[in-house]
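Trainee: Model the full structure from these sequences, guided by the hints.
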Amino acid sequence: MTLATEDARPEDQKDSKGVSFAITDEQVDRAKALVQRIVREPFTRRPWMELAFFLVSGGLAGVGLAFIGATMLTGVVLAITFFGLAVLGLSLRGARGLGRWQRDLAHNMLGETIEDPGPFIRRPGFFGWLQSVLRDRVAWRSVAYHAIKVPWTVLGVYVAFSLWWDAIFGILSPIFWHGNGGPNMWGLAQGIFLSNGFGNGPSGFGHNLGLFLLGLIFLFAAPWVMRGFVTVDKILLRALLGPDPIAARVRSLEKARTQTVDASAATLRHIERDLHDGTQAQLVALAMRLGMAKEKLEDPEPDHVDLERVRQLVDEAHRGAKEAIVELRDIARGIHPPALDIGLEGALATLASRSAVPTELNFNVHARPTPAIEAIAYYCVAELLANVAQHAQASRATVSCTQQGMWLRLVVRDDGRGGARLSTVGSTSSGLAGLTDRVRTVDGRLDLVSPPGGPTVVTVDLPLSV
Amino acid sequence: MTAALRVAIAEDSAILRDGLVQLLVDRGFVITGAVAEPGALRSSVAQNPPDVCVIDIRMPPTFTDEGLRLALELRAQYEGLGILLFSQYIETRYAADLLADDAAGIGYLLKDRVADVSDFVEALERVAIGGTALDPEVVTQLIGATRRSDTLSALTSREREVLALMAEGRSNGAIANALVVSEGAVEKHVANIFAKLDLPVSGEDHRRVLAVLRFLES
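Here the protein sequences come in this chain order: A and B. First residue of the first sequence: 54, per the numbering used here; consecutive thereafter. First residue of the second sequence: 59, per the numbering used here; consecutive thereafter.
The set of hints was computed from the structure by calculation and includes no laboratory data. This one's a predicted model, so the numbers in the text were calculated from it and none came from an experiment. Check each hint, because a few of them may be wrong.
Unchecked claim - Derived coverage of chain B by chain A (criterion: at least 3 residues anywhere in the stretch with Cβ under 8 angstroms from a Cβ of chain A; other residues may be distant):
1. 77–86
2. 167–177
Unchecked claim - Chain A residues, not near chain B, derived (Cβ > 10 angstroms throughout):
3. I224
4. R386
5. D514
Stated by the list, open to error - Cβ pair distances, simulated, as ranges:
6. I174(A) - V79(B): 55 to 63 angstroms
7. G97(B) - T166(A): 48 to 56 angstroms
8. P298(A) - R100(B): 54 to 62 angstroms
9. G202(B) - G458(A): 38 to 46 angstroms
Every residue, glycine too, gets a C-beta built ideally from N, C-alpha and C.
Mentor: Given below as structure tokens:
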């Protein structure tokens, strides 16, 4: 035992040393890779494409800004006339188009795909058009892009060209190392990046070697500096020429609203169908039987009354009335579950205890969700438990309802055969797809994990309030 | 009693279908077919032609106006076949489609009307022999929607009652019974109505219905 420990200790030390060496090797490898990358970068395609993009898109932006500036100025000067307003409108329409060109350039030259911010929606008539144009956030954002892009391009081009220029002359300076050639040559680069003093310094081996090394550093640094400029440009493109985050939110809300409206129309249709096919038909049949019984009892000759038949009719009517009451109760429960009046926990407990598959409820929510959320949570659990009973062939199920910050998390798990899916056609899935839509209307989400062979776990996250 | 009237039923609700069969058999009708969807009625009528069909408007597959389209189709195909449309709602539009060119052998009733068995059976018999049976609800809606209300206001309230019953397709005798007056009095009211509304006088009940309905629709 003792020996073993004695042995083990130096081993440990050796190990720890080995590990630290290994890390160093890794670091060395990484450093090598980095150096390789830096050395190769100027000779790959990418920095040149980025430079080309910067020049082309910058040039386009310059022309674009000149157009926007000129037309806006004209428009504002002439604003008291229709003509001025029209020019202002055209200016903004142009800004929108220029934004699209910039997006296309970024896509074709940098492989950077920026989503279209959506089409221009105009109202009818000249003033409708003008109003739509003046309120077109996409156009105004494009104007802002051009206003920022042009000075940024000027700065970028200045810096990039200084770097390339200085790099080339720095590297070539030893060739011109005869007499005073160097400093004269530097006159060209003076005042750009290399300091005046350096450029005008005494010619000599040390001076030229310094220039050469500095040129090398500039050569390899240039692509990265350019990339920095392009990266900032990409951020600008995304922020100002991509979809407006507010507009995107509005669109998603509009979609959710459409879904809500459709869903409530479908619900009403469903209730109408249930009433029409169920309760109304029951009541008509009931009235019909009572009508028949009444006529039989009203027979002018009392001896002919077939009491047995009358009793049978009344019996059928009685049964029909009871069935109609049950159906009506089910429909009413479908409209608003009365169980929710006592709170979500009680309602879910009722659902769990009524489920055909033995179901355990785990409830841990402190805040009370808004009624709409409670109703959605209730329907989710009801629908999911009905699915478990119908399709899962499960022996047990658990429902957990917990609060996670401002969210309500429902998890319904069963030990059935799995294989449930969200989007296929058929009775197994349409319910789940409907639930997903319902949950999405309040910005919630529904996740389904159901490998073949089970278990199936459905997780629904709902905000506590809408 | 003459030969029993033969009835075919198309109604997708089993409860109502069974109830109707029970009621009509009880009243001595012969049921030639009781089916749940349009296709089945088509073949039933082809195999065993009835005097009158009772057709639910909402039937599979789309549960909208299958029954109405089936009714128009059967009428075009079988001359003299009575059609009683049977529905939980009254759509004046459907009545207009149904009565587009003829009111003979046409009925359109709310399902509720079966509760008054005798009235219902009477209406069915009327349709079977080429008469008309419009639900009071249809007539009320037509009168409510008509643009000729100023002309209608020239009628006395009794005359308006007679007009409504006439529009339902009832004969003078039936109107007299309903209003508990003599048939002679009804005839006088009818003559007054036709004069005031400037309608062509016609002896046959179903032509009379059409004339009144055209007046209300115009």
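Trainee: Holds or violated: is the Cβ of R386(A) farther than 10 angstroms from all Cβ atoms of chain B?
Mentor: holds, 21 angstroms
Trainee: Do the beta carbons of P298(A) and R100(B) sit within 54 to 62 angstroms of each other?
Mentor: Between P298(A) and R100(B), where Cβ atoms are some 59 angstroms apart, the hint holds.
Trainee: Minimum C-beta separation from D514(A) to chain B exceeding 10 angstroms: can you confirm that?
Mentor: holds, 36 angstroms
Trainee: Range hint 55 to 63 angstroms: satisfied by the CB atoms of I174(A) and V79(B)?
Mentor: Distance hint for I174(A), V79(B) holds at roughly 59 angstroms.
Trainee: Verify the CB-CB distance for G202(B) and G458(A) against the hinted window 38 to 46 angstroms.
Mentor: violated, 58 angstroms
Trainee: I want to verify a distance hint. Is the separation of the beta carbons of G97(B) and T166(A) within 48 to 56 angstroms?
Mentor: holds, 54 angstroms
Trainee: Okay, the stretch 77–86 of chain B and chain A, do three or more residues pass the C-beta test at under 8 angstroms?
Mentor: holds (count 5)
Trainee: Please settle this one: I224(A) was flagged as non-interface, so is its CB more than 10 angstroms from every CB on chain B?
Mentor: holds, 82 angstroms
Trainee: With a cut-off of 8 angstroms between beta carbons, are at least three residues of the stretch 167–177 of chain B near chain A?
Mentor: Held - the stretch 167–177 of chain B has 7 residues with a Cβ nearer than 8 angstroms to chain A, which meets the minimum of three.
Of the numbered hints stated above, the single one contradicted by the structure is hint 9.
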